[in-house]
Every structure is written in structure tokens, then in C-alpha cells.
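Undergrad: Residue numbers (the numbering used here), protein chains in the order written: chain B, 839 to 1158; chain S, 79 to 339.
Treat the hints as calculated values from the structure; they're not laboratory data. Being a predicted model, the structure only gives us computed values, none of them experimental. Hints may be right or wrong, so weigh each one.
[Unchecked claim] Below 30 Å or equal to it, Euclidean Cα-Cα: the simulated DSS-like pairs (lysine-lysine) are:
(1) Lys276(S) - Lys148(S)
(2) Lys337(S) - Lys855(B)
(3) Lys320(S) - Lys1124(B)
(4) Lys327(S) - Lys1157(B)
(5) Lys184(S) - Lys327(S)
(6) Lys184(S) - Lys982(B)
(7) Lys1117(B) - Lys320(S)
(8) Lys337(S) - Lys1157(B)
(9) Lys278(S) - Lys148(S)
(10) Lys1124(B) - Lys327(S)
(11) Lys1124(B) - Lys1157(B)
(12) Lys184(S) - Lys1020(B)
(13) Lys161(S) - Lys337(S)
(14) Lys1124(B) - Lys337(S)
(15) Lys1157(B) - Lys320(S)
(16) Lys1117(B) - Lys277(S)
(17) Lys337(S) - Lys1117(B)
(18) Lys277(S) - Lys184(S)
(19) Lys1157(B) - Lys1117(B)
Listed here are the chains, written in short residue letters.
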Amino acid sequence: MAEVLVLVDHVDGAVRKPTLELLTLARRIGDPVAVALGAGAGNTAGVLGEHGAVKVLTSDAPEFADYLVVPKVDALQAAFDAVSPAAVLVVSSAEGKEIAARLALRIGSGIITDATDLEAGDEGPVATQAVFAASYTTRSRVSKGVPVITVKPNSAPVEPAAAAGTVEALTVSFGETASGTKVVSRTARESTGRPELTEAAIVVSGGRGVNGAENFPLIEALADSLGAAVGASRAAVDAGWYPHTSQVGQTGKSVSPQLYIASGISGAIQHRAGMQTSKTIVAINKDAEAPIFELVDYGVVGDLFAVVPQLTEEINTRKG
Amino acid sequence: MSLRIVVCVKYVPDATGDRRFADDLTLDREDVDGLLSELDEYAVEQALQIADGADDAEITVVTVGPEDAKDALRKALSMGADKAVHVEDDDLHGSDVMGTSLVLAKAVERTGYDLVICGMASTDGVMGVLPALLAERLGVPQVTLLSEVSVAGGVVTGRRDGDTASEQLEASLPAVVSVTDQSGEARYPSFKGIMAAKKKPVESLDLEDLELDADEVGLAGAWTAVDSATERPARTAGTVVKDEGEGGKQLAEFLAGQKFI
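Please build the complete structure, drawing on both the sequences and the hints.
TA: Structure, rendered in C-alpha cells:
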């Protein structure tokens, strides 16, 4: 069976969930060969093997942390040359997409980004995408070269599948441009203890109706009762009530959780672009005419300051 | 020496309009108004601020697109850019991001540059990979997704806010930069700016000027193919209740029924 390269997204050896989802999709089109780069790369092999990686190529050169993007492109290209895969899969993060694009250009291949599903086809893998604020669904193929495809988190289930997961060191020779952009310093984001926004199964978001940073703990309490991530609309972020990294929408994160709860969010097209593919959508808003209600599976027209705390309390009670 | 800044912008369909596919599965540009991509306004703004801080700087704004795309250039010129380059050719219709990045790289090289600034993504395709592709093609550093950017002494520095960390980046010019919507509110064109823009030069280029062949770009030269595009079925109307004091509890009941609790 053909091999499929999967670039591993990990933090110091801890593999993030979207990579395990990629392995599920990779197995539909071939045998996954994982590429893990940076500090702790070798520690990823166990979990990757349990999820179907037949081989794990690792390199922990300091260049991956010291310079932006290009060293990882050099490494992925080295893996590509070593394996001659049928496709290359990368998680649709900001960095993942940049790495994938540069690799695709180097190997003379087309690129598809933000796929929400992937299947084997007669002429290579077929990717599903949601476009124009998710108002259309397209099915696309790479028509030149070896398909390079980035996949959005939450696009496939994580499925255990035992495989060898044999670790092999990857030899990488860094090109001249690898050291072009220096990472002078890196400040780790303080962990909130909540799931990462794009990976979360449930997202609870607050918007203009939350009416101030001091009220966001209401949204956080609801999120915590459900084990959810917290999101915010652009209006709430621009007002400085919540960090930009939590922004859901066209210019922020695009999320696709099992459940999305919008509180005090009217549902402008820019916000809908970032959450419309959520499986179940719930909204709480004072304004019965808010466009968000066109999308909901369940909506409550009411004051979020009454509804949200009552909901949180009821969930906590039911969980006992 | 003058700092040559090139800003790449895109003319996009208005996201609040009804965006559709044409029969050839490319964007239908007939039925929806276009405008300068909002995310590119931030790139123009940062170019203007960097130029203000330089001894001597010139800003050229470049776009690839049909006749109407001149509107995007005019907007950027009215904000304060100095001149514009419009790459227009019938054979460009249906170009994918590989084709577009090729054309832009050629246009940028022809113009001459020390710094290329892009928006973080277009508001139609939203791939967000063009700046990286441009850097790869030009063989210069990519300093992308910056929420803060400055240029001094031939070096560009900026802050990139990622999911897990915030990074301070540094690269020597020439370089390709992209900026996010956090980089600073874009200015509105003044009346004076709008009047001045009418007199600023807009150079038109076609594929021949850029020494490109038709089969390297356009739908024929695309490295990806869209097989089908189907309109997402409207969501079936959900239940909407009015809160009469029990709204939170009713919602909890719904969530429990869906096995979320």
C-alpha cells in the first residue's frame, strides 16, 4: 500500500489531537508515515504507533525552534524524498498551512487547505471543503503532483489502530533560506486549563451582549460546566473583553465542534464563517430577530444574564 | 536610499452579498459587488506607517484581477499609497493560489522591492498561504501573521501570536511580511486622499509583460481542480423558545436530550 506522510503537531512530544485525526484519514488512502520535528520528537512514537503510524521519522534539530517555518519545510521535503508518498497531510493551523504550501510549491504539487473530509478517489484523494462562509460544500482534487492537503481539526474521529511505529532518524540538510527569519523570543501562552479552541468538542462563545470583560466569567463558568473551550466574537475581542486568540470568525479561528453555544452574539456573516459547520448550534440572545437564530438547532430569546447562569447551574446539578 | 514597499491586495466579492459559483466552478463575479479585501486594508495601513517612519519610502500597491479590481487599487491609493500596478489578462481567469503567487512574484520583482506586505488571508478564499508562497518564490524571509510590525536599519521585526505561544521575529530586508487584523485599525481615505488618488499612476500589465505563458496560470494551469460545488442545504429550522424564567433549564433539557450533559 502507498505511504502517506503526516506532519505531526506536538508540544514537547505530546501529540495534539488533530494529528491523531489526520492518522484516521491517512489510513483511508495508505500507510501513514509520521514526521515529528523539534524537541521531544522521539517521544511521539508511542501514541503515533497506537494510531496507525507504520513509521515515525524524527529530527530534533534546534533550527525548528530558532527559525520560522522554513526549517520544517526543509525537513518535510527530506521526508518526502526519502519516502515518495502518495499524499502529504498537515493540520490546518496557521503554521501547518504555511509549511504545506511551501512544500507543495517545491515539489511541484497543488495544495488544498482546510479540508473537512478526505476519501480515496480514482484520481487521488478527494477533499471536501466548506467555502463562502460555509454556504457551499466543494469536492476538490490536486491535479498536479503529489497531493498536499491540510485538514481542519475535528474533521475525523480519533481511532486506535496498532501499527509498528518504528522510529527512524531523519537526516535534514537545511537550505540557505532556513535561517532567514529568526525567532528572537518566545512567550508561552498561559494555559487556561480549558481545551484548545479549534480542537474542542464543545465551544461556548460570548459576544457584544456580554457587555464587558467583567462579565466573561459567566461564559467561562458555562464552558467549564461542559468541559468546553471559550470563544468570542470580533466585537467582544475588539472591545478588549477577551483575547484575540479566542476570536471565532472569518478573521479569527474557524471552529467545527460537536456543540457551539453562542451567547449575546447576533451572528453577522463574518462570525458565521467561523462556526457554521458546527454540528449542533445553540444561541442565547435578547433580540428575537438576530440572524444567529436562522442557524440554531435550539435558541433561547432572553437575557443571557438570566439564562446563562441558570443553564450553568442546571448542568452542574445534573452532573451531580 | 528609498525604502521600496510593495503591498499585495485582492479585489474580493463582498462577503455580505450572495456569493456563488459560475458554471466553470470558479467564483461568479457578475452578481456580487467587489471591494478591497478588508484584511488587505491592514497591510496598506502598516505600509503607510512604515513609510512615515522611514526617511524616504515609496509604496506601490499591486493586484491581479479583472478590470473591476482597479477599485481595490483606487481604495489603497486614496488611503495614501503612491502608485499601483494592475495585472490583468483574460488567461488569468480561474488561477489557483500557485498561479496567483507566480504572477504576483513576477510583478513584485519587476516593480522592485525591499519589503512586500500582504494581508493575513483573502476574505474569499481564506487560505492564508499566499504570503508564504511569495516568500518561497522570491527566496526571501517570510515574516508572517504579525500583529505588530516595525522596520529599522534594514531589519523587519514583529510579533506573531500563535495558539500556544507569542513569538518575536526578526529578518533582514528584503522580506515578505503579512499582518493580521490586530496590527492596527486601517485609516479611512480622506476627501483629499480620494481626489489625489485619481491622479496617481496605475500601470497595467499582462502576462506577456511578465514573461509568463498562459498555460502556467488560469484554470488550465491550476494544480488543483474543483469537481463539484453544492449549496449547503439551509439548516432545518430549530426550536426557538422565549425565556419566561425557565429558559436556562429548558436549554439544559435540550442539551441532555442530545447527550451533551
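Undergrad: With reference to the structure, classify each hint as holding or not holding.
TA: Here is what the structure says about each hint:
no., hint, result
1, Lys276(S) - Lys148(S), "holds (11 Å)"
2, Lys337(S) - Lys855(B), "holds (22 Å)"
3, Lys320(S) - Lys1124(B), "holds (9 Å)"
4, Lys327(S) - Lys1157(B), "holds (14 Å)"
5, Lys184(S) - Lys327(S), "violated (61 Å)"
6, Lys184(S) - Lys982(B), "holds (22 Å)"
7, Lys1117(B) - Lys320(S), "holds (23 Å)"
8, Lys337(S) - Lys1157(B), "holds (12 Å)"
9, Lys278(S) - Lys148(S), "holds (12 Å)"
10, Lys1124(B) - Lys327(S), "holds (17 Å)"
11, Lys1124(B) - Lys1157(B), "holds (28 Å)"
12, Lys184(S) - Lys1020(B), "holds (26 Å)"
13, Lys161(S) - Lys337(S), "violated (59 Å)"
14, Lys1124(B) - Lys337(S), "holds (26 Å)"
15, Lys1157(B) - Lys320(S), "holds (25 Å)"
16, Lys1117(B) - Lys277(S), "violated (52 Å)"
17, Lys337(S) - Lys1117(B), "holds (13 Å)"
18, Lys277(S) - Lys184(S), "holds (26 Å)"
19, Lys1157(B) - Lys1117(B), "holds (23 Å)"
Of the numbered hints listed earlier, those contradicted by the structure are 5, 13, 16.
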